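Participant: Next come the chains, spelled out residue by residue.
2 protein chains.
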Amino acid sequence: MNADDMILVSVDDHLVEPPDVFEGRLPARFVEAGPKVVRTDEGSDVWTFNGSVIPNIGLNAVAGRPREEYGVEPTAFEEMRPGCYDVHERVRDMNAGGVLGSMCFPSFPGFSGRLFAAAQDKDLALAVTRAYNDWHIEEWCGAYPGRFIPMGLPILWDAELCAAEVRRNAARGCHSLTFTENPATLGYPSFHDTYWDPVWKALSDTGTVLSIHLGSSGKLSVTASDAPIDVMITLQPMNICQAAADLLWSRVIKEFPGLRIALSEGGTGWIPYFLDRIDRTYEMHHLWTGQNFGGKMPSEIFRERFLTCFIADPVGVKLRHDIGIDNISWECDYPHSDSSWPSAAEELAAVTAGVPDDEINKITFENACRWYSFDPFAHLPREKSTVGALRAAAAGHDVSVRSFDQGRFEKQIGVHALDLARNATA
Amino acid sequence: MNADDMILVSVDDHLVEPPDVFEGRLPARFVEAGPKVVRTDEGSDVWTFNGSVIPNIGLNAVAGRPREEYGVEPTAFEEMRPGCYDVHERVRDMNAGGVLGSMCFPSFPGFSGRLFAAAQDKDLALAVTRAYNDWHIEEWCGAYPGRFIPMGLPILWDAELCAAEVRRNAARGCHSLTFTENPATLGYPSFHDTYWDPVWKALSDTGTVLSIHLGSSGKLSVTASDAPIDVMITLQPMNICQAAADLLWSRVIKEFPGLRIALSEGGTGWIPYFLDRIDRTYEMHHLWTGQNFGGKMPSEIFRERFLTCFIADPVGVKLRHDIGIDNISWECDYPHSDSSWPSAAEELAAVTAGVPDDEINKITFENACRWYSFDPFAHLPREKSTVGALRAAAAGHDVSVRSFDQGRFEKQIGVHALDLARNATA
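Each protein sequence line maps, in turn, to chains A and B.
When you line the first sequence up against the working numbering, it's residues 1 to 426, in that order.
When you line the second sequence up against the working numbering, it's residues 1 to 426, in that order.
Calculated from the structure, these hints are not laboratory results.
Some chain A residues well away from chain B (every beta-carbon gap over 12 Å; in silico):
1. F77
2. R92
3. A143
4. R172
Here are the simulated SDA-like cross-link-like pairs (lysine to any residue), alpha carbons at most 20 Å apart as the crow flies:
5. K219(A) to L220(B)
6. K318(A) to K318(B)
7. K219(B) to M232(A)
8. K254(B) to M232(A)
9. K254(B) to E283(B)
Just so you have them, the derived chain B footprint on chain A, three or more residues with Cβ under 8 Å:
10. 186-200
11. 223-237
12. 270-283
Every value quoted in this text rests on a predicted model; they were computed, and no experiment measured them.
Even for Gly, the Cβ is constructed at its ideal location relative to N, Cα and C.
Use the sequences and the hints to build the structure in full.
Facilitator: Below is the structure:
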């Protein structure tokens, strides 16, 4: 399939929270204590809350930078593309990249909102979490119906309150809950504890997907303090197999058959090996460990319950039928350094060369729409939703690769990315 | 290829040390303090050394048991097949399984001999480590020339002494050093520290392979204290990708081009995804992280320097050319629960159905012989080395599946494994 003919719905992108997230959304008594953006003496913008300072507002928001300048910066809003934090600019960037739909994970609260959960005043924590969800659903996603898959933050410290929040969000069309890879490493009861049962029930009842982003366990994959950073970059996504194994063998999977889980930014090429490993583990050991999936093999359970995704994984494409063609979705990872925005469509077209169109459609949008109960075509006709159609609508939007090190938006290094994209398909 | 026509050299098996390992091998002043087997009041045999009691002499030596009885036992010699600790019985079991050659990792000292290294008296630690290596090379391997790939224990606390021991062992034909996945987690300098340079140089000079067994980091893959044990069983082998990444990005790989590494019991199906991941990491990030392999891609370096292995990995077989057909070897894992002994050959034949004979030969013995400088045919002609020929020589050797829970060797449950094997090839 040509890149222009694809329809792209990304199940993993990131937003950088703008300073006004909580404006007008907190009860008067919490306004003073609510999260705020502060500019430091060094010129960084940081979020502050509950005595914590979150020094890197963008995590790794390098979209549009030359690769020489990748790193753990930027740390100020004007060092980022406005598409990181401004939803109108974001939609323009999505159009320029040909991306129809996007699910945006949070940045400064942590993937599971643990910054908010850490507040001693649980009324404050609850007000802030709800305000964040209101902003995300009403303002970020609500500004462009059909362009964003809404996603809620959990309430880690009270599973009943969390379940209620899942139901409140589902009632307004939100069918994704961002969660941690491992609550135990964050100091909460593990996946195996009955503590979470109200949440699993609420997710099952409302058809809400538990979206587990890599790196959300609070533990980095660091082999040694003096290891090169490349080791951590390589291993971080592979770490998510721990969450997959943890949940797959848990009683949760058996007792909540409606619960579905997405391994966000987890890649796919490792899945067939993992499925073979779990089936072999079951065959060799279930007689003494007592595992029982009602006559099914663990790999069958995985395919019923887990959604995977990739940016452009040639091994995953080759093994797509060993993974499950209904279990693979696409992600863009805007604005992080693993993303190939704005030419992600061309990268994907190259990696999926020779794959039948119906299978590509499953990967690029159909699986994402089904799992997340997302219907973009209720808002934009399908023929206007393709990469080619969206880009035509975005003509003139500047997606130059820009250097941020030598000043503000001054140094133009790359060629125009839409030109790049056109060359790649030619 | 029929199972009978295969030649099998296993790069990962385990021996359980018999009580007489150190007999006559320690200087008189260390005999009293040397490691000893003691029978506990509960009827377990335990090794004792330096104030430590190693409660599980067999780790998981369940060969020949019915699967209902798998577990972390056995804990006494008579609960194991004698092939676990008696080299003559071991060779009979190898013959019955059709296995020509075997590399046997240690049990009670730990994969990297850390039990010995923990002794405060470093003269004692050195004497014990050397005595162990002498016993392993002279008595275990020496009893049956051409049947065992010899393997030395390292000296963790002194890299110069370790280098000397590598050279001493290489001079008597030992070209494998068992080592830890991660010295940093054991409290020693990491792979990135220059501390180890004398060892890397000795390994390079002598053509000795650094054999890194999964589970040798001293850290188990435990997600939570209340997680089912199946989670750990699933994840433990996948953990070895951490060692692969740690070494691949290290200065060691760049500065010691002769150093070769085996990922023992690490499986193979995950390797193509890993190679894609490291190449992508390199492409996206090397301009700011400074990685440089002299113009080569990290995946090329991996294929030059790393040997992988599998028991029977259908995903690895399918992806063998994405891994590297010269980088895959076979392992039996006798006597642990992942092993399919005595019908491992039949399992392998099923998994490699349709693979050309020359590629099967690389996987089953040629790669292992080349990497480990092992020449079994100097001792036994090739036509007598096949699975079929070895089994014919072992006719009458009893490999029944036996229950150990209800008494000593009493309850016969399974059918004769050689019959099983014959049925599988028929």
